[in-house]
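S.K.: Each chain is listed here by its residues.
Number of protein chains: 2
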Amino acid sequence: MDVSVVIVLILVRWTCSISEVEMVKADSDVSDRLTLESVRDSLIRQEGSIVFSLIERAKFPLNAPTYDPSYFSMPGSYGSLVELVVKQTEAVQAKAGRYENPEEHPFFPDDLPPSQVPPHKYPRVLNPAAVFVNVNKKIWDVYFNKLLPLFVAPGDDGNYASTAARDLECLQVLSRRIHYGKLVAEVKFRDEWKHYEPPIRARDKKTLMDLLTAPAVEKAVKKRVAKKASIFGQEVKVGDDSDENKGKYKVDPAVVSRFYGDWVIPLTKDVEVQYLLRRLD
Amino acid sequence: MDVSVVIVLILVRWTCSISEVEMVKADSDVSDRLTLESVRDSLIRQEGSIVFSLIERAKFPLNAPTYDPSYFSMPGSYGSLVELVVKQTEAVQAKAGRYENPEEHPFFPDDLPPSQVPPHKYPRVLNPAAVFVNVNKKIWDVYFNKLLPLFVAPGDDGNYASTAARDLECLQVLSRRIHYGKLVAEVKFRDEWKHYEPPIRARDKKTLMDLLTAPAVEKAVKKRVAKKASIFGQEVKVGDDSDENKGKYKVDPAVVSRFYGDWVIPLTKDVEVQYLLRRLD
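Protein chains in written order, with numbering that gives the first Met the number 0: chain A, 0 to 280; chain B, 0 to 280.
Quick caveat, the hints were computed from the structure, so don't treat them as lab data.
Incorrect hints may appear among the rest.
[Said to hold, decoys possible] Derived lysine-lysine pairs resembling DSS-like cross-links, with alpha carbons at most 27 Å apart:
#	chain 1	residue 1	chain 2	residue 2
1	B	LYS226	A	LYS236
2	A	LYS226	B	LYS136
3	A	LYS245	B	LYS136
4	A	LYS226	A	LYS145
5	B	LYS136	B	LYS247
6	B	LYS268	A	LYS245
7	A	LYS236	B	LYS218
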């Protein structure tokens with residue numbers, strides 16, 4: 000890239016999402032800018048990434064050998080091919096500094112190589128105990144066992160490496176969205192700490208869950224992700240507004256909506272409760 | 000995943016794209032099924048992947064240190080961070096067998112580790128000399144120097160590893176689409192070999208390029224990718240059909256359309272010509 004272009008472009012900050020704008024501010028004013036609305040805006044934007052990742056995974060059939068530990072053997076006993084691709088790609092990204100960002104959570108945190116890039120000053124918004132909240136094992140389980148069989152077609156086209164790369168993409172965007180619950184919890188705590196402090200001290204998960212639950216918002220989220228799946232997963236033709244392909248989607252909007260309702264939203268709230276229970280540590 | 004689910008799902012083949020359906024057939028009937036229409040269908044589907052990958056990259060600002068060789072130093076002198084991430088991720092995917100598929104082309108083919116998975120019998124559709132046609136150096140150049148500055152916002156949010164991962168995604172889908180020109184050329188050659196053989200023997204690139212050029216098709220492609228960029232890059236709201244966000248897109252449809260016209264289509268035709276010149280070897 001031309002140095003001049005880089006220099007010109009780098010002069011102006013971009014406004015994009017809470018993670019990329021609000022959070023980039025100096026620590027001192029992060030608290031002011033962290034609002035429930037800004038956090039929700041980011042969650043809304045992440046829905047698109049999730050829908051895209053599922054549509055891209057659905058271009059491949061199931062490709063079962065990707066998940067079969069007996070399919071291949073490699074020194075280091077990685078289990079299945081998808082485990083190898085996820086572990087080793089996470090290792091590459093760890094060296095490049097991905098997991099220095101508190102919004103990113105590896106699926107295989109053990110033996111991850113350290114970052115080899117200069118440290119970046121991510122703002123400290125969360126309680127440091129946030130680092131102990133990681134539900135990726137559960138996300139791995141529900142993605143492969145609950146979601147995947149519902150939105151990919153059966154079959155085997157041999158593209159297991161590409162399939163695993165697409166799975167990693169799905170896992171990463173789901174993980175990012177679900178662990179964003181830490182920020183949701185933080186902003187809710189800041190807004191209404193008087194309500195949250197007693198159940199936190201009493202370790203009353205039930206009351207915390209009730210406080211965190213907004214049925215109307217959850218309903219709207221489910222409706223919106225279904226709409227996104229139908230818009231982003233449609234066949235697009237030029238000069239053809241016929242209804243020929245109407246109702247044909249690359250990933251069933253009802254599956255995405257149901258997965259959100261059954262897993263994404265509940266797991267996000269699990270993260271919120273786990274984070275809150277450590278909020279006063 | 001439940002073994003029973005896998006067994007049930009694996010019983011049926013999925014129908015998806017030429018690479019995943021037509022090409023998976025036994026060698027004997029591939030010739031019959033490889034048609035200009037099926038190849039074009041695959042190219043159309045790949046447009047969506049390209050638009051998705053650009054929208055996902057555009058979530059991050061430019062993040063110039065990702066491309067600056069002086070930003071970090073690591074044993075092995077990888078150059079910039081994006082080079083490290085691309086090289087090392089390609090190495091992971093190579094071990095998992097990605098580049099055994101003749102439709103996939105690495106950006107750093109030197110020193111790529113061999114596949115460590117059992118060989119998959121990809122159908123032999125192309126002339127074996129196809130392996131010598133790889134325009135990834137040019138794709139790398141135009142992606143970083145021509146396209147990237149046009150669709151990402153200026154700024155720096157520190158997420159260089161994620162940025163590089165998104166760049167790799169863009170590069171891979173562009174590479175796949177452009178090298179699909181080999182299949183386009185093969186099917187055109189089969190359909191009209193009498194027209195192609197004389198200029199191939201005469202090494203007459205100009206005539207070959209004229210034979211391969213269909214201005215009406217190219218115009219339709221450019222129009223369709225712009226439409227896809229506007230549909231997939233819109234803000235989606237539930238119960239809000241106001242025009243508030245009309246015309247606001249995550250990636251400018253005109254930029255995508257122009258990039259297709261200026262680079263994607265011409266590079267695809269370059270691949271077609273290069274392949275045809277070796278077609279009779």
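S.K.: For the pair supplied as a hint, B/LYS136 and B/LYS247, is the alpha-carbon distance within the 27 Å limit?
M.R.: 33 Å, violated
S.K.: Is A/LYS226 close enough to A/LYS145, meaning Cα to Cα at most 27 Å?
M.R.: It holds: about 21 Å lies between the C-alpha atoms, which stays within 27 Å.
S.K.: Taking 27 Å as the top limit, are the C-alpha atoms of A/LYS245 and B/LYS136 close enough?
M.R.: It is violated: about 40 Å lies between the C-alpha atoms, which goes past 27 Å.
S.K.: If you draw a straight line from the CA of B/LYS268 to the CA of A/LYS245, is it 27 Å or shorter?
M.R.: 33 Å, violated
S.K.: Going straight from one Cα to the other, do A/LYS236 and B/LYS218 come out at no more than 27 Å?
M.R.: 13 Å, holds
S.K.: If you draw a straight line from the CA of A/LYS226 to the CA of B/LYS136, is it 27 Å or shorter?
M.R.: Measuring from Cα to Cα gives roughly 39 Å; hence the hint is violated.
S.K.: With a cut-off of 27 Å on the C-alpha distance, tell me whether B/LYS226 and A/LYS236 pass.
M.R.: 8 Å, holds
Checked against the numbered hints given earlier, the structure breaks hints 2, 3, 5, 6 and satisfies all the rest.
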